[in-house]
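Trainee: Take the given structure of chain A and dock chain B with the ligands to it, following the hints.
Sequence order for the protein chains is A and B.
So the first sequence is numbered by my numbering: it starts at 11 and just counts up by one.
So the second sequence is numbered by my numbering: it starts at 9 and just counts up by one.
Worth flagging that the hints you see were computed from the coordinates, not collected in a lab.
Every value quoted in this text rests on a predicted model; they were computed, and no experiment measured them.
Each residue gets a CB set at the ideal place from its N, CA and C atoms; glycine is no exception.
Keep in mind that a hint or two might mislead.
[To be verified] Cβ pair distances, simulated, as ranges:
# : chain 1 : residue 1 : chain 2 : residue 2 : range
1 : A       : ASP426    : B       : GLY50     : 16 to 24 angstroms
2 : A       : THR420    : B       : GLY249    : 41 to 49 angstroms
3 : B       : GLU123    : A       : ARG119    : 24 to 32 angstroms
4 : B       : ARG90     : A       : GLU388    : 37 to 45 angstroms
5 : A       : ASP426    : B       : TYR213    : 24 to 32 angstroms
6 : B       : ASP76     : A       : GLU475    : 28 to 36 angstroms
7 : A       : PRO350    : B       : ARG135    : 52 to 60 angstroms
[Unchecked claim] Within a straight-line C-alpha distance of at most 27 angstroms, the following computed DSS-like cross-link-like pairs (lysine-lysine) qualify:
#  : chain 1 : residue 1 : chain 2 : residue 2
8  : A       : LYS468    : B       : LYS120
9  : A       : LYS96     : A       : LYS37
10 : A       : LYS165    : A       : LYS96
11 : A       : LYS100    : A       : LYS151
12 : B       : LYS138    : B       : LYS39
13 : A       : LYS456    : B       : LYS160
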Amino acid sequence: MSDTLEIEQIGSEYKYGFVDEVKPVWKAEKGLSRRVVEAISYHKDEPAWMLEFRLKALEIYQSKPVPTWGPDLSGLNMDEIYFYAKPTEKRDATSWEEVPEEIRKTYERLGIPEAERKVLAGVGAQYDSEMVYHQVREELKRLGVIFVSIEEGLKQHEDLFREYFATVVPPEDNKYAALNSAVWSGGSFVYVPKGVKVELPLQAYFRVNTAELGQFERTIIIVDEGAEVHYIEGCTAPVYTTDSFHSGVIEIVVNEGARSRYTTIQNWPHNMYNLVTQRALVKKDAYHMWLDGNLGSKVTMKYPSSYLVEEGARSDILSIAFASSGQHQDAGGKLIFAAPHTGGSIVSKSISKGSGRSSYRGLIRVYEGAKHVKVNVECDALLINEESRTDTYPYMEIEDDTATVGHEATVSRLNDEQIFYLQSRGLPEDEAAALIVRGFIEPVAKELPLEYAVELNKLIELEMEGSVG
Amino acid sequence: MVNQLEIRNLHAKIADSGEVILKGVNLVVPKGQIHAVMGPNGAGKSTLGKIIAGDPSYEVTAGDILVDGESILELEPDERARKGLFLAFQYPVEVPGVSNANFLRLALQAKKGEEVSMMEFYDRLQRALKTLDWDESILTRYLNDGFSGGEKKRNEIMHMMVLEPTYAILDETDSGLDIDALKVVAKGVNAMRGPNFGALLITHYQRILNYIVPDAVHVMMDGRIVTSGGPELALQLEERGYEWVKELAVTGS
Ligand SMILES: Nc1ncnc2c1ncn2[C@@H]1O[C@H](COP(=O)(O)OP(=O)(O)O)[C@@H](O)[C@H]1O
Ligand SMILES: [Mg+2]
Numbered sequence: 011m012s013d014t015l016e017i018e019q020i021g022s023e024y025k026y027g028f029v030d031e032v033k034p035v036w037k038a039e040k041g042l043s044r045r046v047v048e049a050i051s052y053h054k055d056e057p058a059w060m061l062e063f064r065l066k067a068l069e070i071y072q073s074k075p076v077p078t079w080g081p082d083l084s085g086l087n088m089d090e091i092y093f094y095a096k097p098t099e100k101r102d103a104t105s106w107e108e109v110p111e112e113i114r115k116t117y118e119r120l121g122i123p124e125a126e127r128k129v130l131a132g133v134g135a136q137y138d139s140e141m142v143y144h145q146v147r148e149e150l151k152r153l154g155v156i157f158v159s160i161e162e163g164l165k166q167h168e169d170l171f172r173e174y175f176a177t178v179v180p181p182e183d184n185k186y187a188a189l190n191s192a193v194w195s196g197g198s199f200v201y202v203p204k205g206v207k208v209e210l211p212l213q214a215y216f217r218v219n220t221a222e223l224g225q226f227e228r229t230i231i232i233v234d235e236g237a238e239v240h241y242i243e244g245c246t247a248p249v250y251t252t253d254s255f256h257s258g259v260i261e262i263v264v265n266e267g268a269r270s271r272y273t274t275i276q277n278w279p280h281n282m283y284n285l286v287t288q289r290a291l292v293k294k295d296a297y298h299m300w301l302d303g304n305l306g307s308k309v310t311m312k313y314p315s316s317y318l319v320e321e322g323a324r325s326d327i328l329s330i331a332f333a334s335s336g337q338h339q340d341a342g343g344k345l346i347f348a349a350p351h352t353g354g355s356i357v358s359k360s361i362s363k364g365s366g367r368s369s370y371r372g373l374i375r376v377y378e379g380a381k382h383v384k385v386n387v388e389c390d391a392l393l394i395n396e397e398s399r400t401d402t403y404p405y406m407e408i409e410d411d412t413a414t415v416g417h418e419a420t421v422s423r424l425n426d427e428q429i430f431y432l433q434s435r436g437l438p439e440d441e442a443a444a445l446i447v448r449g450f451i452e453p454v455a456k457e458l459p460l461e462y463a464v465e466l467n468k469l470i471e472l473e474m475e476g477s478v479g
Numbered sequence: 009m010v011n012q013l014e015i016r017n018l019h020a021k022i023a024d025s026g027e028v029i030l031k032g033v034n035l036v037v038p039k040g041q042i043h044a045v046m047g048p049n050g051a052g053k054s055t056l057g058k059i060i061a062g063d064p065s066y067e068v069t070a071g072d073i074l075v076d077g078e079s080i081l082e083l084e085p086d087e088r089a090r091k092g093l094f095l096a097f098q099y100p101v102e103v104p105g106v107s108n109a110n111f112l113r114l115a116l117q118a119k120k121g122e123e124v125s126m127m128e129f130y131d132r133l134q135r136a137l138k139t140l141d142w143d144e145s146i147l148t149r150y151l152n153d154g155f156s157g158g159e160k161k162r163n164e165i166m167h168m169m170v171l172e173p174t175y176a177i178l179d180e181t182d183s184g185l186d187i188d189a190l191k192v193v194a195k196g197v198n199a200m201r202g203p204n205f206g207a208l209l210i211t212h213y214q215r216i217l218n219y220i221v222p223d224a225v226h227v228m229m230d231g232r233i234v235t236s237g238g239p240e241l242a243l244q245l246e247e248r249g250y251e252w253v254k255e256l257a258v259t260g261s
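Next up, chain B with everything else stripped away, as it sits in the complex:
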């Protein structure tokens, strides 16, 4: 069995308007590695993340997404979660009236397909909260309802830590965070790091990569991965900007 998340020549459009967003994305994240995807606004990074998670508002027109060698294209979002996928949203959705902890327990039970005792659940929560340097008051609040931007991001990481996915996509979890919050989020991701965890770290800035050192960096522009490299690529990007990659993409391909 191949232990990896593979995006193979993925083409996709918006279901309603037909606008084409992804134009042949190729990407492999082996289990045990963390890859960064960088790129300018509008490159299609969030779209890629949502399509991997199964967002029905997009339509895949060609290509495939494989988890450990198995295509997940036909699966519902919840079935994908049960295959071990997790998406930390760039804009986590507010769900008023639904308690954060109650929801998370339901999600964990749905994912595991069995009842999770209060004890075990509480245990998982405690570990996550401790790593994230957070107190319990966040648990009884309604899901993302009235959360600050930073709280929303941190809560996504908390969910990830409790649900323990095999492959996580973190969509700009670093944006809008001050340096302390950024360090806390990085701590959460690094705590997950290990042979049974792979992640795609979508980011606009190099900054977070100082705290979560990626195994590889990919640059996405206009619906494609235009170049890939090691952690040094992120630094070059920071210095020289995306214009430089654009030229690289044109001349290099």
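Just chain A, same shape as in the assembly:
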């Protein structure tokens, strides 16, 4: 790792911004073209149907306009982005010793192998465009749990892969889902067999090292009948002066009676465009939770969605967004009720600091015939400074009048009386403010595993330093 770059980090709030001296073994030419898509497919040694799928998706991507209903994407220049960088020849190493030393050191620095030993059931580590490490505990393997890179999923379990791939998020869904479908690389393939309960979380960790690289991971999670799983993703990258781009697609199928949870702690540097499509299909009496924490990035557009397609399905979406100056967090969630006696909630907590802007964008749709749906939406915004900004776009499309729909939205400012009260007991102003913010997100943060809640608290304290007064 380069010392000079570390020194440049001093004074910057972002502590994961170090750069590794790792050169990709192969990198596509800049920009997006048919040739680049073909090259990615070639490097992955894919079946012909996948290349066909990619090329079709590229056409769909090119036919769709850049969305203008949300954040400003005019700074995102596709000609300046590398769409693929292969960090090493070996994919899915199953021991850290097999991972090239420089890369391994980075993950050690981020605490991943240690967390794996202590609190995780399995870890997948993506570096630039490929998963360099993937391992799951032996006893889970024996129970038939599959946790490999998406590429290995396709190679080793082609039938299962094909049954689910692009069924939850088709390329036509939106421009960036189409883009991901064309250039996807990395991500996990997870299968939890019937009745298997994976007690500890599986974690995927995404790291971008190469400047101007786009990362396009694709993840499929299949939770079979009565099974349980908790998947966590985290991400960081060096701070470059040029913008970078991350656009993932996550597809989850939660079969009858299964329970799943997908947690994101998004902490990209503040020059990342982060446009992600995450969707879960929730079957009979199954449950899915999205816990979506967006702290980093320049622009985030991310609305995890759950389609409740069979009777008794339920889903909760919990969202935390923190927007500092120069950041626009456009986050929220979608719940689509397409079967009777389904239910769920969206709880969104956003914080805007400095000239940061956070927007809640949510959709509740209840189809006709989806009887007795119960859904509740709560979105709370906290503004730290005068120039901080928040907006809400709560869309409701309720076609069945047996639905019970609750909606509550609040906007509040950091309260001077609260600060004075805490300060008068001895806490410095910054810490008082950070504590109030932590209290504000507590209803969501308390759902996090302890280690992640602690990490989130630290990030918030860092963000709140010098922000008031």
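Mentor: Only chain B with the ligands this time, still in chain A's reference frame:
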């Protein structure tokens, strides 16, 4: 060194509106004593307490506040707490999502400037809870969030007992309490009493002074201390009302 909290000719206004609230308050609370400040609603008692604690919504225009001879006017509220000051709020503020005990431990550590072990903290809590005849369920609740009026007041005293200030200002901690709760709160304050503790007991009613016998009583009206005396002054006030002091203030000064 003078061991006292001294308010010297304090003038203050509301920072936003410029409305003048304190018009020359003079008051000395020696360490080891408890003084009562009484007065009608709107006299400026709470304002005085908040200004001593450093509330930035008021502006001091003249005078001084000295802790053991040292001016604290330029200090932030948290720095004042570290100098040994404590304000029990008339209206304790609700802070949702922040656990009562977690906050109190952070406050204690901030005040002491060092890590406080779980053991020591728990010890302090246990002592306070025992004196206040209270159970632990209050610790895990969010700070003042959904507390009843009485619970809020009792919690302020609990904080005081754990933080062990040198000078405490208790702003109407007695208001709205039934007689049993009042006795419990008084027990907490009396437990703190000693040569290293001074307090300013702001109250509207004489009642609490039956349980916490003050060393002196001051009467505040319209932004000034208009008269002072011993515990008997509180009884006279109770009998004759504030109108009587008003006359006293006019004729006596
Ligand atoms: N922050 C404030 N904003 C507006 N008015 C205030 C504020 N603080 C105090 N006052 C006014 O100052 C006067 C004194 O208030 P206060 O100190 O609360 O009196 P007390 O505690 O003796 O009842 C009252 O008229 C009150 O309305
Ligand atoms: Mg008052």
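Trainee: Give a verdict on every hint.
Mentor: Structure-based check of all given hints:
1. Checked against the given bound of 16 to 24 angstroms, the beta carbons of A:ASP426 and B:GLY50, roughly 22 angstroms apart, stay inside it.
2. Checked against the hint of 41 to 49 angstroms, the pair A:THR420 and B:GLY249 passes, with Cβ atoms roughly 44 angstroms apart.
3. Range check, B:GLU123 to A:ARG119: about 26 angstroms between beta-carbon atoms, so the 24 to 32 angstroms window is met.
4. Taking the beta carbon of each, B:ARG90 and A:GLU388 are about 38 angstroms apart, inside 37 to 45 angstroms as hinted.
5. A hinted range of 24 to 32 angstroms holds for the C-beta pair A:ASP426 and B:TYR213, which are about 30 angstroms apart.
6. A C-beta distance of roughly 32 angstroms is found between B:ASP76 and A:GLU475, which places it inside the suggested range of 28 to 36 angstroms.
7. For A:PRO350 and B:ARG135, the hinted distance range of 52 to 60 angstroms is satisfied, since their beta carbons lie about 57 angstroms from each other.
8. With a CA separation close to 22 angstroms, the supplied pair A:LYS468 and B:LYS120 stays within the 27 angstroms bound.
9. This hinted pair checks out: A:LYS96 and A:LYS37 have alpha carbons roughly 6 angstroms apart, not beyond 27 angstroms.
10. The straight-line distance between the Cα atoms of A:LYS165 and A:LYS96 is roughly 18 angstroms, inside the 27 angstroms bound, and the hint therefore holds.
11. At roughly 21 angstroms between alpha-carbon atoms, A:LYS100 and A:LYS151 fall within 27 angstroms of each other, so this suggested pair holds.
12. Restraint check for B:LYS138 and B:LYS39: the C-alpha separation of about 26 angstroms stays at or below 27 angstroms, so the hint holds.
13. Restraint check: the Cα-Cα separation between A:LYS456 and B:LYS160 comes to about 25 angstroms, which is no more than 27 angstroms; the hinted pair holds.
Checked against the numbered hints above, the structure breaks none of them.
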